[in-house]
Each structure stands twice: as C-alpha cells, then as structure tokens.
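*Asks:* Protein sequence lines, in the order shown, are assigned to chains A and B. Using the numbering used here, read the first sequence as starting at 1 and increasing by one per residue. Using the numbering used here, read the second sequence as starting at 1 and increasing by one per residue.
One or more hints might be untrue.
[Stated by the list, open to error] Label pairs and their calculated CB-CB ranges:
hint, chain 1, residue 1, chain 2, residue 2, range
1, A, S119, B, F13, 22 to 30 angstroms
2, A, P26, B, A107, 36 to 44 angstroms
3, B, R26, A, S119, 37 to 45 angstroms
4, B, G14, A, P94, 29 to 37 angstroms
5, A, P16, B, H33, 29 to 37 angstroms
6, A, P94, B, A107, 35 to 43 angstroms
7, A, L102, B, W7, 25 to 33 angstroms
8, B, R114, A, P94, 41 to 49 angstroms
9, A, E29, B, R175, 45 to 53 angstroms
10, A, E83, B, D162, 48 to 56 angstroms
11, B, W7, A, F121, 20 to 28 angstroms
12, A, A114, B, M25, 37 to 45 angstroms
[Unchecked claim] Just so you have them, the derived chain B footprint on chain A, three or more residues with Cβ under 8 angstroms:
hint, segment
13, 41-49
14, 53-64
Don't read these hints as lab results, they were simulated from the structure. Positions of the beta carbon are idealized from the N, C-alpha and C atoms, including for glycine.
Residue strings, one per chain:
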Amino acid sequence: MSLSLALLLAAGTAAPDYGNTQLPDPRAEAQARALMGELRCVVCQGQSIADSDADMAADMRALVRQRIARGESPEAIRYWLIERYGDYVSYDPPLSGATALLWTTPILLLALGAWIARSSFRKRR
Amino acid sequence: MKRALIWLPLGLFGVLFVVIAAGLMRPADTSVHSTLVDKPLPAFELAPMVPGKPGLASSNFGTGKPRLLNVFASWCIPCIAEAPQLMALKARGVPIDAIAIHDKGPAIAAFLRRNGDPYAAIGDDSRSRVQMSLGSSGVPETFLIDGRGRIVRQYIGDIRADQVDQIVRDMAAAR
Chain A
1 MSLSLALLLA AGTAAPDYGN TQLPDPRAEA QARALMGELR CVVCQGQSIA
51 DSDADMAADM RALVRQRIAR GESPEAIRYW LIERYGDYVS YDPPLSGATA
101 LLWTTPILLL ALGAWIARSS FRKRR
Chain B
1 MKRALIWLPL GLFGVLFVVI AAGLMRPADT SVHSTLVDKP LPAFELAPMV
51 PGKPGLASSN FGTGKPRLLN VFASWCIPCI AEAPQLMALK ARGVPIDAIA
101 IHDKGPAIAA FLRRNGDPYA AIGDDSRSRV QMSLGSSGVP ETFLIDGRGR
151 IVRQYIGDIR ADQVDQIVRD MAAAR
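Bound-form chain A, shown alone:
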C-alpha cells in the first residue's frame, strides 16, 4: 500500500534525473541495467555506461531509462545508438564480415585440436 502510494507520488512529480535514479518499475529498471552494461561510454571508451562516472555516461543512462520507460525495446535503443556511433558503441557486436572471427575462432581452434589429437593418436598405434 505505502509502496503504491510512493509510486503514485513519484509519477506526479517532474521527471527525475534518470542518469542517476532508478526507474520506479523494477522490471523496466532490470531491462535498462542489462542494456547499460552492454553500451560503451563514448568519452571514457574502456567502460560501459553503467560503470562510468562521466557526465556523458549519465546522459546516456538517462536516455536508456527514458526510452525504456516509454516502452521502447532495448534492441531498438541499441540500434538507435549504433546508427549514430557505429558498432563500436555496443559491447555485443553484430555478426558481420569483420566480427565473424569472434564466433568462428573457438570452432576453428576445436577443429585444429581434434586434428592434432587424431594425428598424435595415430602415431602411437
């Protein structure tokens, strides 16, 4: 009861600074968090916007939370940013010619290992 009252009160006031304030709906906040962990802060570059303390990262978090609250899907928000900053802005790069090795290298190495193992087992016989 007191929680729903608090939510009502929060909804009535002006939009909070979503760069550093959680969304009232825990499910939406969880969605926003997951996405923020996978977006690169374009100023600090080595950090996700969830980890960074830069003003720009706070602005990017606010953008993510506002759009999630408006009902946009996380993938749509990611795509909106990729359209502007390139694949670089996402820590979950899409599969393309340049990134194909990220996925295929483990398979290639496994195949190489199998081939080496096979030839060494043969020698023993």
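Got chain A; can you put chain B on it based on the hints?
*Replies:* Chain B in isolation, oriented as in the chain A frame:
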C-alpha cells in the same frame, strides 16, 4: 613435414612482430567518428541559451546555404583554444550555430565576452540529447551541414589555425 614445422614458431614470431611494430608506428585513432556523416541532420529543437540570441532547431539548416554546427561548452578548455579560429571563420563569411552542452546561460555569456562570439544561434542542450542524436562524443566538435540539410563533415576536437582554409574550401564545396 617435421622439417617444415620447425620453422613454425619463428614464422609466428615474425607475424606477431610485424603486427606489433605496425601498431606502434601508427597509433590507433581513438576518436569516435559519427556514422551520420553523409546522412540528413536529425530533427531537433533547442531553447535559447543566452538572452538576445535565438535557440537552435534543425529547421535552421538546409535552407540552401551550408552552415557550421559547433558543439561546445563554457567549461571546455579546448573550446577556448578554438575560439580565435571560429572568429576567423566568421570574419570570412562562414555562418556558425552552436549547441552548448551541460551549461548555464550566465557561464556561456561570460565565455562569449571573453573569447568572442562567432555564433548566430545557440541551443541549450543541457542533457546532451541532441549531441547524442548527432553521434558526437565530446566537446568541441564541429559539423558541416550542406545546403540540403545533410551532414557532410565532422571535425573532431578543436579547429586549428591550419584547418581554417580547408574548412572554407569545404564550405564552398558543400553548396
């Protein structure tokens, strides 16, 4: 087979050596380039920042003449270094608009008094919304918008004295 394999470690070392040497000789470009270059300017509308100067909307652009869009802030040190070049561009007839990031009116007014005022309009982008919609990642950055409202160039970092002539040429080409 074995004979050939004995050279493999040396070969791998050679490849690694070349890769690392190439990386050392040509340091990586760490600036983030907007992928909106050659695309239309996104729609936006920003409130005025200082009294007596209009705010900025995307409808200011694409009216037949190319314009520069400068992303700056009063707290940004390279923006002070860039100011004389913007004044020089203004003196050569280049129209310049600006969006101010994370800033307040009085601070901008003081910045303009100290460093000169090359801007026709300044929009208040206190939460970097428009900056993000442009794919810009810092201050200062300058976009060249052509007469049809397309972003044709992005100059990252402060504009240096030796870039002014090139920008005037870029403006002429973007007509």
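*Asks:* Now tell me if each hint is right for this structure.
*Replies:* Evaluated hints:
1. A:S119 to B:F13: 22 to 30 angstroms: holds, 24 angstroms
2. A:P26 to B:A107: 36 to 44 angstroms: Roughly 38 angstroms apart at Cβ, these two residues keep to the hinted range, so it holds.
3. B:R26 to A:S119: 37 to 45 angstroms: holds, 40 angstroms
4. B:G14 to A:P94: 29 to 37 angstroms: Holds, since B:G14 and A:P94 (Cβ atoms, about 33 angstroms apart) stay within the stated range.
5. A:P16 to B:H33: 29 to 37 angstroms: holds, 33 angstroms
6. A:P94 to B:A107: 35 to 43 angstroms: holds, 41 angstroms
7. A:L102 to B:W7: 25 to 33 angstroms: holds, 29 angstroms
8. B:R114 to A:P94: 41 to 49 angstroms: holds, 46 angstroms
9. A:E29 to B:R175: 45 to 53 angstroms: holds, 49 angstroms
10. A:E83 to B:D162: 48 to 56 angstroms: violated, 33 angstroms
11. B:W7 to A:F121: 20 to 28 angstroms: At roughly 25 angstroms between Cβ atoms, A:F121 and B:W7 fall inside 20 to 28 angstroms, so the hint holds.
12. A:A114 to B:M25: 37 to 45 angstroms: holds, 38 angstroms
13. 41-49: holds (count 3)
14. 53-64: holds (count 6)
Consistency with the previously given hints fails for number 10 only.
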